[in-house]
Amino acid sequence: MKPNHLLIGALLASASFGPAIAQENKNVTVVLAEETDLVEPCMATRSNIGRVVLQNISETLTELDVRDGGGGIKPRLAESWEQVDDNTWRFHLRRGVTFSDGSSFDAEDVKHSFARAMSDQISCEIARYYSGMDITPAIVDEHTIDFTAEPAQPIMPLLMSLLTIVPSETPVEFTREPIGTGPYTLAEWNPGQNIRLERRDDYWGDTPEVSGATYLFRQDPAVRAAMVETDEADIAPSVSAIEADDPELDHSYPNSETLYLRLDHAMAPLDDRRVRLAINHAIDREAFVGSLLPEGTELATAIVPPTTQGWNAELTPPAYDPEKARALLEEAAAEGVPVDREITLVGRTGNYPNVTEVMETLHFMLSDVGFNVDLQMYEVAEFENLYSKPYPENRNPQLVAAMHDNARGDAVFSMYFKYHSEGRQSGIADARVDELIAQATAATGEERAKLWSELFGYLHDDVVADALLFHMVGFARVNERLDWEPTIATNSQLQLADIAFE
Amino acid sequence: MKRMIGQRAAASFLALLGLVVLVFFLSRLTGDPAALYLPIDASQEMLENFREIHGLNDPLLVQFGNYVTDLLRLDFGESIRKARPAIDVVLEAFVWTLQLALITMALVTVTAVVLGSLAAFRVGGLFDRLTSLISLVGASAPDFWIAIVAIVLFSVQLGWLPTSGTGSVWHWVLPVAVLFVRPFGLILQVVRGSMISALTSAYVKTARAKGVRNRPIIFVHTLRNAMLPVITVIGDQAAAMLNGAVIVETIFGFPGVGKLMIDSILQRDFNVILASIVVTALAIFIMNLLIDMAYAVLDPRIRY
Amino acid sequence: MIVSAPVPDTNHRPAQRLFTVLRMLWADKFAFCAALFLLVIFACALLGPAALSEAASQVNLRGRNAPPFSLENGWQFLLGGDALGRPLLARIIVAAQNTIMVAAGAVACSMVIGTTLGLIAGYAGRRVGQVIMRLADIIMSFPSLLLAVIVLYILAPSVGNLIIVLAITRIPIYLRTTRAEVLEIRERMFVQAARVMGASTPRIVFRHILPVIVPTLMTIATLDFAFVMLAESSLSFLGIGIQPPEITWGLMVSQGRSYLTTAWWLAFWPGLAIILTTLSLNLLSNWLRTALDPVQRWRLELGGKKT
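From first to last, the protein sequence lines are chains A, B and C. Following this note's numbering, the residues of the first sequence are numbered contiguously, the last one being 502. Following this note's numbering, the residues of the second sequence are numbered contiguously, the last one being 304. Following this note's numbering, the residues of the third sequence are numbered contiguously, the last one being 307.
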């Protein structure tokens, strides 16, 4: 309805509101926290866009399997793939697939999609996953395509789970009418209000149960939770733990975010291992779980979630031991480390539910063992200035409380950025770390897992690189008429085809 | 009157220009949109490329020159975030805000003027105390607090009204009610105060001395004179509302211009901020003009 | 008939005048309670942080959201504990300082600047008036929250900067009200008479015009006091107001809002503090209006017997 006709229309309309839930209604309404301001497939790795677009409208060649144990790669638009040589991977494409505009899907579309995503005419977000490598697609035949990478990319099938496929006719500019091979098409889009997807009849796979979906946007978590309660919405993928008080409706899921304090090793006193250890022992991690952070939150020993290849199960989180922390500080002070220098604890407003309370508590715990800490909360832009290189010149030593999201199953998407001496958010410069990252990135299979594992252990126990805190948990509120469980991928995509009705 | 409108239009244009200059440079002082738009681990080339595409690499003055040149052709530029013309984004949102502001202010004005005048007739009476107290308590509570309590009460507990969003006339009830509270308290107080002064002033006494016993006549005469400060306050409140009701829009998911502006500054989507400022400022200038005309009508002694 | 401008009575000695004021205050019981309450708040603002900031920042995650009206953990927990297990009563007392400083600072600055500009705009020549009014238009058409957000992004959200931001956004309301009243008052007979009798401009403005406007300005200022407190809390709602570990009532309400259904006291008590302070200021201002108005003063001098 157009806004200017709204009042009249509304007066004529019946007094009903919300989705009138009839017996045969196979529509779902999803209420999201952040507006989907674009529906561009090449931006689908951004979570607010991916939740609508990814695998619903636009599909990828491969897909990360998060349901069964995790880690595996499933075929999607590619039926199979194999490694031709060290640098080249060959993908065999599915036949009989059509786009929603009727055109058929072939290797030319894949090539164009890749070129479009990498184009410097538009800023596609997918491109960041292919930075630092040189990838060339080559069409073998209509249903076969090769990707050659320099340096070699052992995880090429995983990388292809990020590339959304568009028809070869798609112009190199942001589209508002995305065409994809997915089971749904964009039916209606009222910016700022709602987006509507409808099921296609000619989808290549099984016909999903859900016939259409409406996406709404509400910033306040209390409102989102209330909407499911009043049947105005069916799924609220993120409500805060405080509202999630109804076990019938609320489902917790690991949301693949890891919270940690990035320590600035270039600045005294954080350049001293004892001081870093003292920070770790000063924090009573367990006290947060079930209070400020929901039950189910796990203590972190690495920056990636436990579903990641090469997870090191032998590491244990540092114990809460304020006495030990004080002793370590005294020891360091005795050797002339300036432990009473003011340290800035940096947080980001609105980062996750209760962020302010968590930061205040961390501030209190660190002050309690004798650190001279100043808490500063910044909004996202200013925060990123402090979080990413180049770091400000005249800074205090900083503890930056940041969240990192890696649901991709491989640590390569994290380790370089967060720990390599050249990494944009790295607080350390350690030759052994750089070497391990380089080796692991080039390795495959068991070898790769072993190297990542070794790196996690080295960072956690030997370097004490940072203060790893929690693997975070999210809550989704789901209407009882649906049969759907959120997963670790829910943060970045929400496949309507996974939803069934009770 | 025509001359006055002409002068005001010219003056308004200057003020608008001042506003654009101010917002252009102030907003650019707040940071670089590239860092926000691109993921945190984006490479340096991606950042550079992004700035190049959106013309953020040029010197600030060149950017400003380009902006003003485009603006004179009524081209407000593209929204970085939404990849569509900024003015389209803003106008869509402004239509909602305008409706919300008009409905709310009409209701506020009528109720506040009626109740405020009645209260002034018996200063210190029960009705006076009661309206003052209720309007004040309402106006003193944070609006986000009222909004959330109202949703919990009327939507979740009682199930009478939808929680949020747009679509039917019922969707308007809660946002309008929450928006109503504060200007109502303020305007009611001003009406009351102004009426008390007017009722005790010379001409009313003269009228009474001359034997005008008819309350309605006294009421109408007094109200007319008491309206000057009231109109000023109504104007200020309406202007604030035309600028969008950020909190109400945020909580109720109402697609108005207030939330758009705050989101855009958060995302450093400069073109959208500027376009919304220009649109709302124009609306407010028009409204101020109407208010000044109202002054002149109400009080013939005022000359422009 | 000429309504004389109020002329302060200077015959009484100070002690006697204080007594008169107190008696007139006592005559209006509401105003009396309000004055008492405000005294308490100002005492909290003055002494609170020095006495209680230690207790107010003691985090105890295992005793969070302690319910109110229990003296088990000491009197500071009379109003309950917050989400971090800190005593609410102690926090409200400590927060009074920042809250009052921000609100009073912003209101005072905007009132002084706005009124001055308004007097100039109303009484000086047309051209000056027009320039000032256009400046007011610029500020008024600048959405106040947006202006606040932009400025607070550039500057840090400290108490001082908050005062500046909030004051700027409130100037036009005083300016426009003052000007509107001046335009009307200066045509009145007593001002014309004073002018004819050769009174200087400052004398006319400050002795004849200003006193007539003050009651209206006071009404607006007291309501504005509430507005500024609420605007400050709106900024907290948007996450850009005062940042912890600093506290204000507005921040406390904003932080407590997510617990409205589970632990209502978190947002309720600081909210009540805001409401009561505003209410008191308003009751006091109503009393002040009456006390300052020679035509109305008899109501109070007669000892509160209202007719």
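Keep in mind that the hints were calculated from the coordinates and are not lab data. Predicted model only: the values in this text are computed from it and were never measured. One thing to keep in mind: the hints can contain errors.
Stated by the list, open to error - So the derived label-pair ranges between C-beta atoms look like this: (1) A/Asp368 / C/Arg297: 40 to 46 Å; (2) C/Glu246 / A/Asp368: 35 to 41 Å; (3) A/Leu482 / B/Leu74: 46 to 52 Å.
Stated by the list, open to error - Some but not every residue of chain B turned toward chain A, in silico, with C-beta under 10 Å: (4) Phe64; (5) Ile134; (6) Pro162; (7) Thr163; (8) Ala283.
Cβ atoms here follow ideal geometry from the backbone N, Cα and C, with glycine treated the same way.
Structure-based check of each hint:
1. A/Asp368 / C/Arg297: 40 to 46 Å: Given about 58 Å between the Cβ atoms, the range is violated.
2. C/Glu246 / A/Asp368: 35 to 41 Å: For A/Asp368 against C/Glu246, whose Cβ atoms are near 19 Å apart, the range 35 to 41 Å is violated.
3. A/Leu482 / B/Leu74: 46 to 52 Å: Given range 46 to 52 Å: holds, Cβ gap about 48 Å.
4. Phe64: Violated, about 21 Å.
5. Ile134: 26 Å, violated
6. Pro162: At 4 Å from the nearest chain A Cβ, B/Pro162 passes the 10 Å test, so the hint holds.
7. Thr163: 5 Å, holds
8. Ala283: 15 Å, violated
Violated hints, listed in ascending order, are 1, 2, 4, 5 and 8; each of the other numbered hints is respected by the structure.
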